[in-house]
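Protein chains in written order, with UniProt numbering: chain A, 1 to 507; chain B, 1 to 507.
One or more of the hints may lead you astray.
Claimed, not checked - Subject to a maximum C-alpha distance of 25 Å in a straight line, what follows is the list of computed SDA-like cross-link-like pairs (lysine to any residue):
{"hint": "1", "chain 1": "A", "residue 1": "Lys151", "chain 2": "A", "residue 2": "Asp137"}
{"hint": "2", "chain 1": "B", "residue 1": "Lys123", "chain 2": "A", "residue 2": "Glu70"}
{"hint": "3", "chain 1": "B", "residue 1": "Lys146", "chain 2": "A", "residue 2": "Leu63"}
{"hint": "4", "chain 1": "A", "residue 1": "Lys132", "chain 2": "B", "residue 2": "His190"}
{"hint": "5", "chain 1": "B", "residue 1": "Lys146", "chain 2": "B", "residue 2": "Asp107"}
{"hint": "6", "chain 1": "A", "residue 1": "Lys123", "chain 2": "B", "residue 2": "Ser406"}
{"hint": "7", "chain 1": "A", "residue 1": "Lys151", "chain 2": "B", "residue 2": "Asp94"}
{"hint": "8", "chain 1": "B", "residue 1": "Lys386", "chain 2": "B", "residue 2": "Leu172"}
{"hint": "9", "chain 1": "A", "residue 1": "Lys49", "chain 2": "A", "residue 2": "Gln410"}
{"hint": "10", "chain 1": "A", "residue 1": "Lys132", "chain 2": "B", "residue 2": "Leu172"}
{"hint": "11", "chain 1": "B", "residue 1": "Lys123", "chain 2": "A", "residue 2": "Lys151"}
{"hint": "12", "chain 1": "A", "residue 1": "Lys151", "chain 2": "B", "residue 2": "Ser463"}
{"hint": "13", "chain 1": "A", "residue 1": "Lys151", "chain 2": "B", "residue 2": "Asp480"}
Think of the hints as simulated: they come from the structure by calculation, not from any bench.
Residue strings, one per chain:
Number of protein chains: 2
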Amino acid sequence: MKVVVVGAGISGLKAAATLYQRGVQECVVLEARSRIGGRLHSVTGYDGKRKYDLGASWHHDTLRNDLFFEECRISAGGAGGTAGGAAPFAFDDDFMILIDNRLGRLDRHPEMRLEIVDSEISKFADLEYHQKLGTRDTSFRDLVYKYLFEKRQFLTDNQIRYTPQLSRFLELWHGIDWRLLSARDTYFGHQGRNAFVMNFDAVVRRISSGFPQEWIHCDSPVAAISRTRDGKVQVRTQGPEGADIEADYCIVTVPQSVLQLSTETMPAEGRIQFSPPLNTRITGAFERMHFGGLGKVIFEFDRTTWSLESTKILTLAQSSSEFVQRVRSATSLEALVEDPETPQVGTCWDHPLYFVNLSKIDGTPSFMMIMQEPLTQYIESLGGDKQRVVEYFRPVLDKVLTTLGSPPLQDAMAVDHGDDVGGFAPLLKNVIVSNWTQDEFSRGAYSACHPGDDALDMIVALSDGQGPRIRFAGEHTVMDGAGCVYGAWESGKREAEFILEDANWPQ
Amino acid sequence: MKVVVVGAGISGLKAAATLYQRGVQECVVLEARSRIGGRLHSVTGYDGKRKYDLGASWHHDTLRNDLFFEECRISAGGAGGTAGGAAPFAFDDDFMILIDNRLGRLDRHPEMRLEIVDSEISKFADLEYHQKLGTRDTSFRDLVYKYLFEKRQFLTDNQIRYTPQLSRFLELWHGIDWRLLSARDTYFGHQGRNAFVMNFDAVVRRISSGFPQEWIHCDSPVAAISRTRDGKVQVRTQGPEGADIEADYCIVTVPQSVLQLSTETMPAEGRIQFSPPLNTRITGAFERMHFGGLGKVIFEFDRTTWSLESTKILTLAQSSSEFVQRVRSATSLEALVEDPETPQVGTCWDHPLYFVNLSKIDGTPSFMMIMQEPLTQYIESLGGDKQRVVEYFRPVLDKVLTTLGSPPLQDAMAVDHGDDVGGFAPLLKNVIVSNWTQDEFSRGAYSACHPGDDALDMIVALSDGQGPRIRFAGEHTVMDGAGCVYGAWESGKREAEFILEDANWPQ
């Protein structure tokens, strides 16, 4: 039996490893990029030692995450960080510091109690969408506005003004602005604490060491996948070196965003031509599912000059007292939500931004900043222009630094300008920007629900596959662990096992 | 049509008001005590002005609490606090201050992060009991020990030592020690914020003003309830003044603890003899349901000398480093949980205690302390001996005061000794102790689940009633709002409406 796996992300690697473990000898893993790992991507910092993950950074749901459990077993066996070993991790959940540009810290404010109102909004959403039937899905922004409108008599002006900006933290989970985000899908249950991984390249190495390295072919984007007359699958790679590979089965693990190109006719880098075309259940699912744009900026400093009080810092988007008046005086919910407010890039104070204080996690004097669509597209499009990235974020970065007891940046153009010029101010040594939305082989971060979307359609359609020979895996094909590393990993295992069973492969 | 309502608590009062509103002219409300309100009980403080609720204090689940919504509508109409008006309230949810006797404040500790581990324990419980089938119910203590045993590799020594003491906060919701508490029942979803009521006597007045006052007969405990040959119900009151009242329907709203006496043969104050006896579904339900012992102590001061940072203060029961070693070295969960540790009264540092900082809520310079079984029984049995109550709680009270930036009590015997003798220390003017466990007409606080219990049996059995003529209402007969004022209120309405429908009463 021969299997082609399209994509060497965690799901493709896990599929190949599972096949090998069960005795399959013929398998080809075709990877479009010149590296494996997909959206697990560890890069090295300015000093050649620090490492950062520009893709996934956490083991989520650690009470029921089987990849996490596997890592723990291996780690308990003594191996860690080296080839074949587990990746170190640290539980980094913490009390979130909330920073408003005007008022400074607003977390655990004894009068505003924003976290408590925010928690009530999540319950309000639960009652709207999970304990009532037939509530029409809206944007998350409109849901928050509905709460504010209905409960305004029980809220202070400051609660009306600032709680929405705290609730927008969820933008940084889904990777999209609250005006794009499905209210029904915004909240989800965490199955235990989150563990920050240092770094995921060790996991990629470990899983990929579970099968012969010669199976992997990098720089091999796939152009077409066809069923042959004798019931096999033919996979054609792109470019002048392109070749046809005939196999019994194929597992397609390209991101949902790349697979979507197959449902359109426009030629595009990464597009796979399926013949016969993707079935209507799959193509229909794309009408009710989207893809988000989570992005990261790493700010690397010479040393830590700020407080280690918390690993989590959220800067709140700016708000206005006029908004409070609008809520107070609205005569109907419709009047309040009618302003469409198309998401725009604006300034760094127009979005909530999430700063992970790496210094508290493992001593690295850097912040990992997380941003969302449409800001991510803009910042990632600046590409290598680190000065412009710093200029854009400098106000919020200085506010984070000074709020955490540090002097502000030494100067705006300090990037790469060499050694510390003296004084106590932190020196920004380097900035690293992710590239997911610009990269043609990812075209964004991971699946996300817009209002009215239904992730279930996509999950069911893709886990059913394009018949038994052409299968799908990846974060967008699973229910438990959707959007997560362990979900993708689990889906690779699932598809390998499906094939082994379909082929009556010996146990 | 004539109806007898047994008990003038909120459920009985609401039943009578509903009947009157629908045009019923003959109704008798028999109340055993010399006051109405049942477990809604507002008392006056030492200055003759302050008022405290020794029973229920909160509107819970304010996103879906219909009694709360009714109060808000009335309050918006202008009336508040007077006869027929609504009771003022304040949303008092706050960031809980955690106090350990040895280490002082442990809330939001940047290294221990106890609240985050505590939250993971609640998710662990959810996975054990609601996402798996067939997990045997244990005590809440044993569930926490199971978590500690299974996850010890992911927990620091301080997390193992102190998180259980934070998790025990739930004892103060259920009113029983964690060794008595059903793990399956410990966690429940809050449907929105909680609103502290000032005071519930206004609600009692308002509901009871909804029908003729002559319907209410205080000091009239019921001795027997029988079906007559012609299908009616005969209710006999106790004592020399006892009388037989014949009615078409009877709604029994006595607490579950008092109703339980009817399933036993021992004579007891408050016991009602049913003929025919309570049906086997009801009597069987008592085998799987218990009653808790939440109690309150009000500490009244001359003035506020402490911080208003938070309304919520939890003092943690003492813990030991030996316990950490036991968890670390346990070779099996069985070995860890085997120590039965029968709940005992011990000292004030042997229990978590919850102090509501009334001064932050409405300026009253008092703490409302909440305690649990078996401590409640002991403290309430001290009755009027306020000196002994102060002696018992003085260490924890002084710790709360000093942690909140106040000097300790002026002297241990300061109760009632008159004016401030000078200095900045707060003067304890009075102590008020609840009496629920000693009172024969309540015999505790409200229903609570021991390991293996199932509240559903009781709720179904009692809401089905003893046939259509003998009905039951109260906090122990409802699913939504079980144990809550609004649940009891709703059950009274439910039974009145059942009777009206059964009697084909005109709409």
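Now the hints, each set against the structure:
Restraint check: the Cα-Cα separation between A:Lys151 and A:Asp137 comes to about 19 Å, which is no more than 25 Å; the hinted pair holds. Under the criterion of a C-alpha separation no larger than 25 Å, the hint pairing B:Lys123 with A:Glu70 is consistent with the structure, at around 21 Å. Taking the CA atoms of B:Lys146 and A:Leu63, the gap is near 13 Å; set against the 25 Å cutoff, the hint holds. Distance hint between A:Lys132 and B:His190 is fulfilled; the C-alpha atoms sit about 17 Å from each other, no more than 25 Å.
A distance of roughly 24 Å separates the Cα atoms of B:Lys146 and B:Asp107; the hinted pair therefore holds under the 25 Å criterion. Annotation: proposed proximity of A:Lys123 to B:Ser406 is violated, straight-line Cα distance about 37 Å (limit 25 Å). At most 25 Å may separate the alpha-carbon atoms for a hinted pair to count; A:Lys151 and B:Asp94 meet this at roughly 18 Å. Taken as a hint, the B:Lys386 and B:Leu172 pair is honoured in the structure, with Cα atoms around 22 Å apart against an allowance of 25 Å.
Among the hinted pairs, A:Lys49 with A:Gln410 is consistent with the structure: their alpha-carbon atoms are about 24 Å apart, no more than 25 Å. For a cut-off of 25 Å, the pair hint linking A:Lys132 to B:Leu172 is broken: about 31 Å separates their Cα positions. In summary, the hint linking B:Lys123 to A:Lys151 is not supported, as the alpha carbons are separated by about 29 Å, beyond the 25 Å threshold. A C-alpha spacing of about 33 Å is found between A:Lys151 and B:Ser463, which places the hinted pair above 25 Å, so the restraint is violated.
Simply put, A:Lys151 and B:Asp480 have alpha-carbon atoms about 21 Å apart, close enough for the 25 Å limit, and the pair holds.
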